[in-house]
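Peer 1: Put chains B and C on the given structure of chain A with help from the hints.
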Amino acid sequence: MNPQLTRRRFIKGVIASGAVAGTTSLWYAANGQSRPAGAVERMIRLNVNGQDRTVDVAPQETLASTLRYKLGLTGTKLGCNRGECGACTVLVDDVPTYACSVLTHSMKDGRIETVEGLEAPDGTLHPVQQGFVEALSPQCGYCTPGQVMAAVGLLRANPNPTREQAREGLAGNICRCGSYDSYLDGVMRAAEIG
Amino acid sequence: MAYMHIGQDFVPPDVAGKVTGRIKYAEDYTREGMVYARLLTSPIPHARVLEVDDSEALAMDGVFGILRAGDVYPDGEPQSTGLKILTDNPTLVGEPILALAAVDEKTAESAIAALNVTFERLPFVLDPLDSLQEGGPNAYLGGNTFGQQGFTEAKWTTDQVASFRAGNTPAEDLATTGPIPTFVIGDLEAGFAAAEGGYVYEGSFTTAGYPHHSMEPRSAMAYWEDGKLYLHGTSQSLTALANDMAGIIGVAKEDLVFINAATGGGFGQRARANSIPSMAIPAKLSQKLNRPVMMRITREEEFTIGGARQGFQGWIKVGFRPDGIMSACDLFVVSDNGGKGGGADAFSAADCISILYQTEAVRFRGASVGTNTAHRGAQRGPGQNQIAPIIAPIMDAAADALGMSRLDIRVVNSAQTGDVGGPQGTPLTSAYMPEALRQAADDFDWEGRQSRRRQRNGSKVTGLGIGQGYHNAGRSGQDGIVMMGADGRLKIHSGVGNLGTYSYAATSRAAAEALKMPWESCDIVTSRTDNHLPITSPQDGSNSIFTNTRTCYGAAMDMVAKMKEIAAADLGGEPADYDISEERVHQIADSGVGMTYAEVAQRAMELGGRYTGEAELPEDLHEWTQIAASRLAGSAFMGIYHDPAHSNNPPGFTVTCTEIELDLETGKFEILDMVSIGECGTVVHPQGLKNQLVGGAVWGIGLSALEQHLYDPQNGLPASTGYWQSKVPTYLDTPVRIDTGWVDLPDPENPVGARGIGEPSQGSVSAALTAAISDALDGHIFGAAPITTDMIINHISGTREDAVALAQNNYRGV
Amino acid sequence: MVATSHDVMPDIELYQPADEANALELADTLGSDGWLLGGGQDTYGWLKDRNKSPAAMIELTGIDAWKGVSETGDGIEIGAVTTLTEIANHPLIQSRFSLLATAAGKVASPQIRNVGTLGGNLIQDTRCWYYRRGLSCYRAGGNICYADSPEGLNREHAIFGSSRCVAVSPSDTAPVLVALDAVMVVSSAGGQRLIAAEDFFVGPARDILNMTVLNEGEILTAVRIPNTWANAEYYFEKVADRNVWDFALVNIASAMRVEGGVIQDARMACGAVECVPRRLTAVENLLRGQARSEELGSEAGQLAVQGAEPLNYNHFKVPLMANLVKRAVRA
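Residue numbers (the working numbering), protein chains in the order written: chain A, 1 to 194; chain B, 195 to 1008; chain C, 1009 to 1339.
Because the hints were derived from the structure by calculation, they are not lab data. Honestly, I wouldn't trust all of these hints.
These stretches of chain B come out as covered by chain C in the derived footprint (C-beta under 8 Å, 3 or more residues) [as the list claims (entries may be wrong)]:
1) 228 to 237
2) 294 to 308
3) 860 to 870
4) 915 to 928
Predicted model, so just to flag it, every value in this text is computed and none were measured. Beta carbons are placed, not taken as given, at the ideal position from N, Cα and C, and that holds for glycine.
So that you can see chain A by itself, here it is in the shape it has in the complex (with noise of 0.2 Å):
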């Protein structure tokens, strides 16, 4: 073997080669083909936390990406970006769901839930969040947000579960400090304020 490789050389040998696009519209013209219609608008409204929000979302933008970058709502967390973690767990009408998952424009016709959106106008937090502060669920608390998305989505389909149920409902969600069962215990806590 050539012990010098350049690094495109390398990445050619080990890499499927596939074809590039840079912009999707040049993309066509380079292959002589016309775009077909239909494609998305990037600019679009968007119901986050009971508020509409317009919004220039590219089309491959996740839902994860126009919170944290576009909405400044930063209380949803990028723990892995590929579906494995939990932390950037979102309610798109009542249901959970990784934001750094889906595509915005996908979910552009749902209600959006953030854990900015819980806390009620006076400041009073909601049970799962109180819940969990009375059981001091989080550790670093990075985790968290997804937590406490996960804990509403499953209270609101599920009013009173079993800790056995609130664990199945959050098994979506990785802590990695391993406070499950104090998360679990704030679920419980949370059931019983209601």
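Peer 2: Just chains B and C, lined up with the frame of chain A:
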């Protein structure tokens, strides 16, 4: 002793920000004009970068510039192991070679793809035994290990490597190597002689060297303003890390503002600046480009530069006398130093055996060898927690062989106050392991459950396990500062990092305790170093509770003494005639004669001098604390303290009992019940302690059953970079409830009686779990952590001998 | 690899057709440059890593006709973009084809099931990590298999039916549909074709680049399950390392008609042992006319693994698969 705060739960000030998403981690910040950096990391495991052609990338729209190793090391890269900021000599896949800043991440990624980098490939190695073998590749340019004499090359003969792989007794003259010392405690020969007629176990073992996987990737953002560097970063230790980070970046301590309100997990790898030098990249790039730079770190990058525990390939021989006393233990460990060196886990494992089991004779030998895999460094119980799950089933085998109960064999080998341990024979500050064992056994009904042991229920069989954990849990010699203004509120300055243990807050309460103040009248000052925070020890090694209750208590007691001086001067009598209560300093004889805290603080500010930190600061204050104190001087009434070094070893101990049901047909098991008990002196913060116990339990389950660390031997690529591939435990892999408790007896070397606990909580669970798995399988000893589904099935089904389990590292032998 | 430098979504066009005709037209026009997007759970990783680079995505989840569960004359039809959560909880599926509800509820994690679709779960690409990492293996158009080599990490790989490539079918629902004699409804601008579930999946000997028979421009729009096996005696089990997220090390789906303790007929399929869901026809033949028992289960298990060719690190799959067959028979 009755305390106002110690032993009571409270709401730590950061928890509301965590449940509302308001608390900010480094990547949540933004700044006018901020640009985005991405990294080019090495695609090959060991290489030299010969040339980087960046002309095309730099010509792209929206690209601002790049940072190379030569920019950060103008005099050349350090000739040593250890993580570099950037390097032209990568020793693992994923090591950062350069950073490129652009208008957004997408542009930066496209520009990186347009770089033309020429590498010289170098031989690489993934298994330390392959490197030890004569003629085997070295992980580093200078050799395969690094010690006080610099790089060296350690080699065994082919026969010696083959013999070690086969699990044979390591020869007396088998070469030891690496940065960690070997040691012998007691008379090993006599210890094994005493075990004649008792029980002797000898066998090989392996443990996985898996990564930390903190939820928050180590992103950082930096900008320069008026000659000061503002660095938004992540750390376990606020001041200890900033103190060293200044040196790594090359900025004066006075000119570094490190901002770190919350850290998304640490587990050992964010305790010290040299374990997270990547934060220097946005700092240096920002300086070069004169713009704020955000460097988001991806999950995969967190894997490659975030560190890992050392993997072990070991051999162990343990002897028990007929009465169950562990009379001798002989340990030889080949430990995996990874691509950047580091770690003394194997030494700590042997040290742990001596302390936890009070073994009469212990010999430790080892070879500590580099591989072109993840950087190795401290991870929750480094060493102690790898050996705990290996020893537990051996103790059970001894108990069964000697006709003892598995509880009793642990009780007779356990540490108590007055005992010593480790190669120096260091006395323990206090120890109550027998109490912890009995409490765990009682809470779990260990004796009552013995009838269920190995009981069959269809294809399932019940296994019971009991395990112990240990870590040294306390330091000293640090500084404390408390301040009080004319409002009489106490401001406790804490340099402890906030990584989720709440110990920054819990230890601050020792100051409130000393001043007998209601918590509502106290504020914790922390989060950023321009709040002028005292130095403290890195928040690793389970030390914070012990270390910082000492400093906070000491600083508050300095304030109490000054209050009494002021009161005596103003109101007559001697300071000794005064006491404090209900936020007043008053005469003991007549409590009506006194001053409120607000009044005495006001008076202190009028007096100035030593009362406000303008004079007579304690000798031996750390330089960092001197800077903080000089900036606070004159602003308010100051209590300040330099904690003298304590002697002896404050241990943190845990005991765990568990019951599992293992399905012999699927190799899967369910944890039905688990009780974990902490023995960590007086309990400071029950909810925080509970969190450490349950969190450690999840880590113990990962260590003993799930977590893997794989590299492809063909090209050195990491194969377990994300949460999915690395098998971090989920809700459904852990018990629906983990019961916890604590012994709660005071330690004499801490003003509130407290010791730490964070690390042992993993070790005892890991030990109990391998013991329970072994129990369910008629006492079979795997000699491994983790024990995964495929290993269990292979064992039960008697699959061919060449059917290798691929669960831990890529170690070929043992 | 270069993948270590990539994490954000690249520029790519998105189409959100609202009706069938528009979707089929787009699929036809774009051909291999159009990526069919269901819930996206096997899409964004490929794109973020730059290991697949289509020019456009065609989102199928906006087409109501391809969603939901309905009665047909002789069974049910499930739209291909129905979410796995809906399938797991749907009363009709729970009451009649609980085998499918159970399997759908075992996929990945709750949030992935909430957006992940049945079609996506069936069509998802294999999880071989070498292939996923972007290496130029056979399946990626190259001429090497990194997993089937003396040092390859192949714990999760095939014990049957490999041909150059040793990757396995990762789906939990695919073996169920094979066991239930389901029919795949495949539409294109040129019309519709119906394909038996068993024939829908293809191994590397026939097509090393694709895991299904779908051609360019074709869309899986629905799955029909006949009443043949409605309310049969079912058994589904998935053995994975972790109980959330992980793909099966081996899974099994079984449907039996039993009268008076005697098996009248049976369908059985295992996932994660071959590139396709492996129908266990020999086992089905053995079982017919026999009483369920431990012994019969053991015999069936041994028969099921006949001819298995384990790789270095996956020998455990042989006894595991035999045991799962035994459990299905004994249950």
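Peer 1: Are the hints correct? Go through all of them and say.
Peer 2: Do the hints match the structure? See the list:
Given a C-beta distance limit of less than 8 Å, the hint that chain C covers the region 228 to 237 of chain B holds, as 5 residues qualify and 3 suffice. Under a criterion of three residues with beta carbons nearer than 8 Å to beta carbons of chain C, the stated coverage of the region 294 to 308 of chain B is upheld, 5 such residues being counted. Proximity of the region 860 to 870 of chain B to chain C, defined as three or more residues with a beta carbon under 8 Å from a beta carbon of that chain, is established by the 3 residues found. Under a criterion of three residues with beta carbons nearer than 8 Å to beta carbons of chain C, the stated coverage of the region 915 to 928 of chain B is upheld, 9 such residues being counted.
In terms of the numbered hints stated before, the structure departs from none.
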